[in-house]
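Sequence positions in the sequence shown follow UniProt numbering and run 1 to 287.
There's no promise every hint is true.
[To be verified] If you anchor each label on the Cβ, the simulated ranges turn out as follows:
#	residue 1	residue 2	range
1	Arg124	Pro284	50 to 58 Å
2	His115	Gly241	25 to 33 Å
3	Ala282	Glu167	35 to 43 Å
4	His115	Gly48	43 to 51 Å
5	Arg46	Thr171	41 to 49 Å
6	His31	Pro117	52 to 60 Å
7	Ala230	Gly61	27 to 35 Å
Everything labelled a hint here was simulated from the structure, so no lab data went into it.
Heads up, the beta-carbon is just placed ideally off N, CA and C, and yes, glycines get one too.
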Amino acid sequence: MTLQSDAAERPGDPPGRPAPAPAEPDAPPPHEADVLAARVRQALHRAGAVRAAWAAGGPHGALAGSAPPRRPADAAAPPAVPPEEAPYDAGGLAGVLALWPVLGSLVAGEALGLHTPLRAYGDRAAAGLPPGTTAHQLLTRRNPAHDGAAAALTRLAEHLGGAPLGELAATLVWQPLGMTRTSLADGSLTTTPADLARFLTHLVSSSDTPVARSWTDGSLRIRTGELTPARGLLWHPAPHGTWSYGDASAVWVCPRRRRWAVLLPADGDGRPRAAFRAAVFAPPPAP
Numbered sequence: 001m002t003l004q005s006d007a008a009e010r011p012g013d014p015p016g017r018p019a020p021a022p023a024e025p026d027a028p029p030p031h032e033a034d035v036l037a038a039r040v041r042q043a044l045h046r047a048g049a050v051r052a053a054w055a056a057g058g059p060h061g062a063l064a065g066s067a068p069p070r071r072p073a074d075a076a077a078p079p080a081v082p083p084e085e086a087p088y089d090a091g092g093l094a095g096v097l098a099l100w101p102v103l104g105s106l107v108a109g110e111a112l113g114l115h116t117p118l119r120a121y122g123d124r125a126a127a128g129l130p131p132g133t134t135a136h137q138l139l140t141r142r143n144p145a146h147d148g149a150a151a152a153l154t155r156l157a158e159h160l161g162g163a164p165l166g167e168l169a170a171t172l173v174w175q176p177l178g179m180t181r182t183s184l185a186d187g188s189l190t191t192t193p194a195d196l197a198r199f200l201t202h203l204v205s206s207s208d209t210p211v212a213r214s215w216t217d218g219s220l221r222i223r224t225g226e227l228t229p230a231r232g233l234l235w236h237p238a239p240h241g242t243w244s245y246g247d248a249s250a251v252w253v254c255p256r257r258r259r260w261a262v263l264l265p266a267d268g269d270g271r272p273r274a275a276f277r278a279a280v281f282a283p284p285p286a287p
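Generate the whole structure from the sequences, applying the supplied hints.
Given below as structure tokens:
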């Protein structure tokens with residue numbers, strides 16, 4: 001396993017003392033939701049992804065969105081369930097919904113140092129990894145979910161947290177945010193559009209708990225120096241000032257604009273991502 005260097009990072013990074021919380025922006029005007037929804041629908045139609053589910057919002061919650069995808073994890077869900085509460089399989093987002101915030105909690109609680117060789121936490125934490133490997137190196141991998149880094153980080157989180165990742169995420173993150181219909185078991189993550197909105201809203205809000213702002217801010221910046229590809233902590237820089245996670249199903253946050261978005265293609269096709277991202281985050285064309 002080839003690892004990114006820690007050379008660009010000082011041992012004290014992140015989390016440091018949290019910056020003063022910025023004031024929450026005013027809620028957007030009602031017409032903004034209609035304009036955004038129209039732009040997204042047009043973009044997805046042109047991309048041939050009219051059945052994709054999506055949502056976008058800011059620190060006040062969801063601003064606009066669609067119905068959930070046509071392939072819910074619980075096909076027998078009663079029709080009385082509101083669309084935003086319909087469960088679906090979002091295994092591709094487990095890294096950002098479960099692993100990343102749990103690691104942030106361990107860092108905030110000083111149970112984990114990003115630049116400490118994992119061997120310091122015991123042989124099990126460093127099993128199968130090159131000598132000197134750190135959590136920072138694993139978090140800045142090109143594709144942690146597919147090269148073994150995610151498995152190593154999950155093993156580390158469970159070792160330090162003393163419980164399965166799903167239990168840690170539920171206790172430390174999901175329950176405090178009211179994400180009562182999100183669960184992780186046997187590698188399968190189930191969630192709802194409403195729970196996704198709760199999580200992403202928290203990331204662009206001024207709230208410092210349960211996910212510390214210092215962890216979010218430290219993750220959404222380049223952590224790889226001059227090395228390529230540029231990476232944050234699990235998150236990837238993307239156009240229009242955004243940071244993203246996920247291939248087909250994907251989430252974005254834009255710290256500068258305090259906006260978030262999630263795309264859930266009905267058929268697992270990631271091709272609409274660029275069109276959707278531009279519709280949500282690109283400046284509107286000049287009149």
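At the C-beta level, are His115 and Gly48 separated by a distance inside 43 to 51 Å?
Holds - the Cβ-Cβ distance for His115 and Gly48, about 45 Å, lies within 43 to 51 Å.
#### Entry: Cβ separation of Ala282 and Glu167, checked against the hinted range 35 to 43 Å
holds (40 Å)
Next item on the list: Can you let me know if the beta-carbon spacing of His115 and Gly241 is within 25 to 33 Å?
Entry: Since the Cβ atoms of His115 and Gly241 sit about 27 Å apart, the hinted range of 25 to 33 Å holds.
- request: Indicate whether the distance between the beta carbons of Arg46 and Thr171 respects the range 41 to 49 Å.
  value: Cβ of Arg46 to Cβ of Thr171: about 43 Å, so the range 41 to 49 Å holds.
(message) Between the beta carbons of Ala230 and Gly61, is the distance compatible with 27 to 35 Å?
(response) Taking Cβ atoms as reference, Ala230 and Gly61 lie about 30 Å apart, which means the hint holds.
Check your understanding: For the pair His31 and Pro117, does the Cβ-Cβ distance stay inside 52 to 60 Å?
Key -> Hint holds: Cβ distance 54 Å, inside 52 to 60 Å.
Open item on the list: Tell me if the beta carbons of Arg124 and Pro284 are separated by a distance inside 50 to 58 Å.
Closed with: 52 Å Cβ-Cβ, so the 50 to 58 Å window holds.
Hint compliance for this structure: every hint is met.
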